[in-house]
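Please model the entire structure based on the sequences and the hints provided.
Protein chains: 2
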Amino acid sequence: MSELTGTAGPHVFVDSLDELVVADDDLHHLRKSLRLRPGDALTASDGQGSWVACLLGTDSALTAVGERVYQPMRPTPATVAFSLVKGSKPELAIQKLTELGVDQIVVLDAERSVVRWDDAKLAANLERWGRITREASMQSHRVRLPRIEALVPAGEWLMRPDVHAAQFGGRAIAADVHSIAIGPEGGWSPAEAAANETRTVTLGSTVLRTETAAIAAATLLCAVPR
Amino acid sequence: MSELTGTAGPHVFVDSLDELVVADDDLHHLRKSLRLRPGDALTASDGQGSWVACLLGTDSALTAVGERVYQPMRPTPATVAFSLVKGSKPELAIQKLTELGVDQIVVLDAERSVVRWDDAKLAANLERWGRITREASMQSHRVRLPRIEALVPAGEWLMRPDVHAAQFGGRAIAADVHSIAIGPEGGWSPAEAAANETRTVTLGSTVLRTETAAIAAATLLCAVPR
Numbered sequence: 001m002s003e004l005t006g007t008a009g010p011h012v013f014v015d016s017l018d019e020l021v022v023a024d025d026d027l028h029h030l031r032k033s034l035r036l037r038p039g040d041a042l043t044a045s046d047g048q049g050s051w052v053a054c055l056l057g058t059d060s061a062l063t064a065v066g067e068r069v070y071q072p073m074r075p076t077p078a079t080v081a082f083s084l085v086k087g088s089k090p091e092l093a094i095q096k097l098t099e100l101g102v103d104q105i106v107v108l109d110a111e112r113s114v115v116r117w118d119d120a121k122l123a124a125n126l127e128r129w130g131r132i133t134r135e136a137s138m139q140s141h142r143v144r145l146p147r148i149e150a151l152v153p154a155g156e157w158l159m160r161p162d163v164h165a166a167q168f169g170g171r172a173i174a175a176d177v178h179s180i181a182i183g184p185e186g187g188w189s190p191a192e193a194a195a196n197e198t199r200t201v202t203l204g205s206t207v208l209r210t211e212t213a214a215i216a217a218a219t220l221l222c223a224v225p226r
Numbered sequence: 001m002s003e004l005t006g007t008a009g010p011h012v013f014v015d016s017l018d019e020l021v022v023a024d025d026d027l028h029h030l031r032k033s034l035r036l037r038p039g040d041a042l043t044a045s046d047g048q049g050s051w052v053a054c055l056l057g058t059d060s061a062l063t064a065v066g067e068r069v070y071q072p073m074r075p076t077p078a079t080v081a082f083s084l085v086k087g088s089k090p091e092l093a094i095q096k097l098t099e100l101g102v103d104q105i106v107v108l109d110a111e112r113s114v115v116r117w118d119d120a121k122l123a124a125n126l127e128r129w130g131r132i133t134r135e136a137s138m139q140s141h142r143v144r145l146p147r148i149e150a151l152v153p154a155g156e157w158l159m160r161p162d163v164h165a166a167q168f169g170g171r172a173i174a175a176d177v178h179s180i181a182i183g184p185e186g187g188w189s190p191a192e193a194a195a196n197e198t199r200t201v202t203l204g205s206t207v208l209r210t211e212t213a214a215i216a217a218a219t220l221l222c223a224v225p226r
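Sequence order for the protein chains is W and U.
Residues in the first sequence are numbered consecutively from 1, following our numbering.
Residues in the second sequence are numbered consecutively from 1, following our numbering.
Just so you know, these hints were derived from the structure itself, not from any lab.
Be aware that one or more of the hints could be misleading.
As the list makes no split between identical chains, a pair holds if one copy fits it or if it spans any two.
[To be verified] Once the Cα atoms are required to be at most 25 angstroms apart in a straight line, the calculated DMTMM-like pairs of lysine to aspartate or glutamate come out as:
hint : residue 1 : residue 2
1    : 86        : 149
2    : 89        : 59
3    : 86        : 135
4    : 89        : 185
5    : 89        : 118
6    : 86        : 109
7    : 89        : 135
8    : 86        : 25
9    : 32        : 185
10   : 121       : 109
11   : 86        : 26
12   : 32        : 119
13   : 86        : 59
14   : 32        : 19
15   : 89        : 111
16   : 89        : 67
What follows is the structure in structure tokens.
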């Protein structure tokens, strides 16, 4: 029972902690990929902040073997926004941001983004990103799925008073920063930069690709005691 | 000339700042991928800490247009060690660690690593990693290439008094930590953990994949003012 800490062993999402029934796909994953057998220990979460230690049974029903634990939300959500980039980079960023514990992920439509998506492509990617965040949330033992918003015009997002733009020469990230926005490879446009010029933060002294900057921002928001 | 800051515009490595001759592959990259033309600005570094602002010419010779700048090394190298993992994950980690500014990258052979390489496979990967670090160093405007060591037995590495093992319940990463080691997906073996038990550090409260933990460690060593 020593592994039932909520941070070790397999972790699965269920629709309700009152029912504790594992979906077919997840059951397949637990049995085939993770090689769990009846009687093996795992944790189940409702994706709304609660989890409970369980044992796998012979069918899709789990048996709770502990008290439900509720993990409070952060007082202010950790938010990382990044500009749409090419290829599989948005997927990589979304997977890693989820693992690191970001509460809200925003994909920005920046003036200098070199990628433009129509509604069909956006819809297909949102579905795919939903799967990625769910898998990464199970893998990283999250008890809440991150929220994803896309595509938000960068100029509008940067005007929000809680949003800090990543920029060379910005200030160090202090404990009052909870929301960081990352520009495209070509940088912010003058209008976008002007919308945020008083709230820039630095991510260090090297030049980072957009997805690396997003992962670094997530680390600084989620993995530093604050 | 406003872009010649060492952190914007194209950046290339040359064998010597006295010669300023670009290798064929790099010249092709500058002309074809980055679409530079004669007279365009870039920076050139010797990979040993010095760089100079230049202009591209009509052949492989660059013309210096500024003073040489020497960037001192960190007093203590930022070091991230991670256990060998499957597939392209080591490449991803090495690329991102290079971008973030890690000085020394160590790939560990841990007792619970599920990947075992023979000498031929290691040699092929070392060559590949060398290319990846060079490209990522150009992209991120580094003036020194990171050193890569592989495969180092994890038990030996963890015994070093300057190495801190990433572990749940470890202490927060303070300014005296310069070297972090990341275990394989199955965690450290009891012998490995025992070799380092007094020096564990935490990377936050979620369960991270090995490559994500390595990137988070690099961020905490390189992007946090210390």
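Hint check:
no. : hint        : verdict
1   : 86 <-> 149  : within (18 angstroms within a copy, 32 angstroms between copies)
2   : 89 <-> 59   : neither (38 angstroms within a copy, 34 angstroms between copies)
3   : 86 <-> 135  : both (22 angstroms within a copy, 18 angstroms between copies)
4   : 89 <-> 185  : both (12 angstroms within a copy, 23 angstroms between copies)
5   : 89 <-> 118  : within (18 angstroms within a copy, 31 angstroms between copies)
6   : 86 <-> 109  : within (12 angstroms within a copy, 34 angstroms between copies)
7   : 89 <-> 135  : both (17 angstroms within a copy, 17 angstroms between copies)
8   : 86 <-> 25   : between (30 angstroms within a copy, 24 angstroms between copies)
9   : 32 <-> 185  : between (40 angstroms within a copy, 18 angstroms between copies)
10  : 121 <-> 109 : within (14 angstroms within a copy, 42 angstroms between copies)
11  : 86 <-> 26   : between (30 angstroms within a copy, 23 angstroms between copies)
12  : 32 <-> 119  : neither (36 angstroms within a copy, 32 angstroms between copies)
13  : 86 <-> 59   : neither (42 angstroms within a copy, 32 angstroms between copies)
14  : 32 <-> 19   : within (23 angstroms within a copy, 59 angstroms between copies)
15  : 89 <-> 111  : within (18 angstroms within a copy, 32 angstroms between copies)
16  : 89 <-> 67   : neither (40 angstroms within a copy, 37 angstroms between copies)
The structure shown violates the earlier hints numbered 2, 12, 13 and 16.
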